[in-house]
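Asker: For reference, the chains in residue letters:
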Amino acid sequence: MKRRRDTPRTDEGARREPAAEALERRYRRLLAWYPAAYRAANADDMLGVALARSAPGQRWPEPGEAVNLIVSGIGERLGGMLRRPDQRDTAAVLAIAGPVLLAAAAARTIAGPFMFDPAMTFPAAPGSSACGSTNACFAAASLKSLADAGRHGCGARSTRSCRRPQSGLPLQTAEWRENQRPGRAE
Amino acid sequence: MSEQPLREPAFLVLTALAGGPLHGYALVEDVLRLSDGQVRLHTGTLYGVLDRLREAGLTVVDREEIVESRLRRYYALTDAGIERLAAETERMRRNVSAAASQLRRLRPAQGAI
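First to last, the sequence lines map onto chains A and B. Position 178, counted from 1, in the first sequence is what my numbering calls 178; the numbers after and before it change by one each time, with no gaps. Numbers in my numbering are just positions in the second sequence, counted from 1, shifted up by 1000.
Errors might be hidden in some of the hints.
Stated by the list, open to error - Chain A regions said to be covered by chain B (calculated; three or more residues, Cβ under 8 Å):
id: 1; segment: 41–48
id: 2; segment: 51–64
id: 3; segment: 71–79
Just so you know, these hints were derived from the structure itself, not from any lab. If you're wondering where the values come from, they're calculated on a predicted model, not measured in any experiment. Every residue gets a Cβ at the ideal spot worked out from N, C-alpha and C, and that includes glycine.
Whenever a hint applies, use it, and build me the whole structure from the sequences.
Answerer: So this is what it looks like as structure tokens:
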């Protein structure tokens, strides 16, 4: 399991880590969803609130609180981009395309082996004679690329291809699954 | 922002601050108490609300303290915040009495709410 470079530790060390420290480290990782400037101004204060909300001995952020921090952090990033005219278009595209891509990936996961093959459904690639009009062609190509994104994204049949993105944003799902496994004492 | 009705978390945060400056977690607890245990603000929601209220000039940072080597920020109502809370309370009072009188007409046997 990958750790952020500021807290190098083995799994052995992680188990002996005091609950308060483990919880604080995990909340700090969740706060990484916020833009750096926002974090610099508010992270300490927010961390104090998040920790005060938690129960004594708690090692993991409660799921609702974690989701709320991720969603709020992304919102703050998008909001920051919307306030900057040069990034407004990117923010708008992300705001619309992001959820669609996530939904495509989720659909692929749920449908699993029963999912249609986009290559069969949309044989008409751009430039092929089957495209009736430019618009239809574009729509077909878009749908195909979305379906492909779903197919090759996280949740594809082969879990080997499901890697955590190497960006600055932490995805806790793997850790989470580990935590939710029955029989694991925390 | 001034024309739109305040949403519940923002209204409850202003209500809590009407009792005096509070830091983040005290706000969460006060909102929980004021809402009869109904609203326990998540951290992300609370800071989103605080940012918007501050941008609208309804709250300010009152002071900062270091408690257990961690920054603790206290928030306070501005005069505009007090006015806004009063206006919002009046608006809600009108809505509540309108709803109550409609309900009395609907089922007079059960009396007033």
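Asker: Does each hint fit the structure? Answer for all of them.
Answerer: The hints, checked one at a time:
1. 41–48: holds (count 6)
2. 51–64: holds (count 3)
3. 71–79: holds (count 5)
Violated hints for the displayed structure: none, as all numbered hints are satisfied.
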